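*Asks:* Residues per chain, in single letters:
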Amino acid sequence: MSEFFAMGGYAWYVWMSYGACALALALELAFVRARRKRALEELRMSTPAQPLRASALGAPGSR
Amino acid sequence: MLINWYRFSSPVSFYPLAGSMSSAFGVLAALFAGAGLFVALLLAPPDATQGDAYRIIYIHVPAAWMAMFVYLVMAGWSAFALGFGTRLSAMMAQALAPTGALMAALALWTGAFWGRPTWGTYWAWDARMTSTLILLFLYLGIIALRNAIEDPRRADRACAVLALVGAINVPIIYFSVQWWNTLHQGSSISLTVAPKMAMTMVAGILIMTAAAWCYTLSVVLSRLQAIIVERERGATWLESLIDLRPAGDGAR
Chain A
1 MSEFFAMGGY
11 AWYVWMSYGA
21 CALALALELA
31 FVRARRKRAL
41 EELRMSTPAQ
51 PLRASALGAP
61 GSR
Chain B
1 MLINWYRFSS
11 PVSFYPLAGS
21 MSSAFGVLAA
31 LFAGAGLFVA
41 LLLAPPDATQ
51 GDAYRIIYIH
61 VPAAWMAMFV
71 YLVMAGWSAF
81 ALGFGTRLSA
91 MMAQALAPTG
101 ALMAALALWT
111 GAFWGRPTWG
121 TYWAWDARMT
131 STLILLFLYL
141 GIIALRNAIE
151 DPRRADRACA
161 VLALVGAINV
171 PIIYFSVQWW
181 NTLHQGSSIS
191 LTVAPKMAMT
201 MVAGILIMTA
211 AAWCYTLSVV
221 LSRLQAIIVE
231 RERGATWLES
241 LIDLRPAGDG
251 AR
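Sequence lines, in order, name chains A and B. Each residue of the first sequence is one higher than the one before, starting from 1 at the first, in this note's numbering. Each residue of the second sequence is one higher than the one before, starting from 1 at the first, in this note's numbering.
Hints were generated in silico from the structure; no laboratory data involved. All values derive from a computational prediction rather than experimental measurement. Just so you know, even glycine gets a beta-carbon here, dropped at the ideal spot from N, CA and C. Among the clues, some could well be false.
What the hints assert, rightly or not - Anything over 10 Å on all C-beta distances counts as not near chain A; from chain B, calculated:
# : residue
1 : D126
2 : L162
3 : I168
4 : T209
5 : A210
6 : W213
7 : S222
Unchecked claim - Distance windows between CB atoms, simulated:
#  : chain 1 : residue 1 : chain 2 : residue 2 : range
8  : A       : M16       : B       : G19       : 30 to 36 Å
9  : A       : A6        : B       : A144      : 38 to 44 Å
10 : A       : A6        : B       : V161      : 49 to 55 Å
Turn these sequences into a full structure, and let the hints guide you.
*Replies:* Here you go:
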């Protein structure tokens with residue numbers, strides 16, 4: 001097991017590469033989810049307290 | 001079966017489809033990444049000359065490919081938006097830029113950590129590395145330009161022009177290893193020549209590339225949903241999202 005993490009003496013380079021990728025992708029996913037959540041939140045705030053049901057407005061796409 | 005594809009050219013109809021596609025590609029990305037990492041870190045043997053340092057190739061090459069492909073796709077949507085004035089294609093280009101920038105940054109980062117043990121340096125002003133750095137700056141420039149322009153429709157046009165002009169850099173990156181004498185090696189995998197490395201390694205790179213594709217599609221479609229909500233606010237159809245998604249459950 002420790003042999004695996006040692007990466008034949010190249011542990012610093014290999015794990016800095018893989019670690020940075022894992023961290024970057026995890027952060028991006030978290031940011032995108034937060035952004036979508038915030039966008040929906042602001043949408044909810046900007047519409048009347050009693051929003052009309054979708055059916056009342058016609059099916060989505062019938063603008 | 002006849003499908004009315006035009007239906008999906010409006011942000012309205014695309015929003016729910018984008019959500020389910022994002023989830024599906026997310027699952028695929030996880031599966032490919034699991035298999036790819038198994039091949040990359042456990043199954044594939046160490047390289048004869050580079051030892052285990054070469055394992056960086058399994059993330060470096062997919063990241064570099066994605067950085068270039070995403071740029072071309074972004075430029076394609078930009079051209080479409082510029083030519084036809086379609087909102088959704090402009091939003092698609094907008095959604096692609098941050099992930100493209102991330103891929104370019106990862107290609108440079110992993111390249112540096114691969115260059116140090118094999119070439120003896122983290123960085124050199126070599127043609128391929130420099131042109132990839134320019135690619136990163138192009139992405140960042142496009143993102144900054146969008147943030148600098150208040151009116152989204154004007155930002156669409158400005159960003160599209162910049163994206164199209166910058167597209168010239170992609171073939172420069174791709175052919176840089178042939179056009180100039182670079183420190184960076186030539187292509188390891190080509191469509192025209194049989195690969196010069198072991199099949200396990202080729203398979204590992206291809207599986208990781210599939211994972212990178214699926215990840216990119218998943219995260220970009222998710223970001224596209226956020227952009228649609230941000231930009232189409234005021235469109236009555238959006239209220240249907242509120243009905244469907246109670247508070248706290250807005251995002252998956």
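*Asks:* Now, for every hint given, state plainly whether the structure supports it.
*Replies:* To see whether the hints hold, each was checked on the structure:
| no. | hint | in the structure |
| --- | --- | --- |
| 1 | D126 | holds, 18 Å |
| 2 | L162 | holds, 22 Å |
| 3 | I168 | holds, 27 Å |
| 4 | T209 | holds, 13 Å |
| 5 | A210 | holds, 15 Å |
| 6 | W213 | holds, 13 Å |
| 7 | S222 | violated, 5 Å |
| 8 | A:M16 / B:G19: 30 to 36 Å | holds, 35 Å |
| 9 | A:A6 / B:A144: 38 to 44 Å | holds, 42 Å |
| 10 | A:A6 / B:V161: 49 to 55 Å | holds, 50 Å |
In this structure, only the earlier hint numbered 7 is contradicted, and the remaining ones agree with it.
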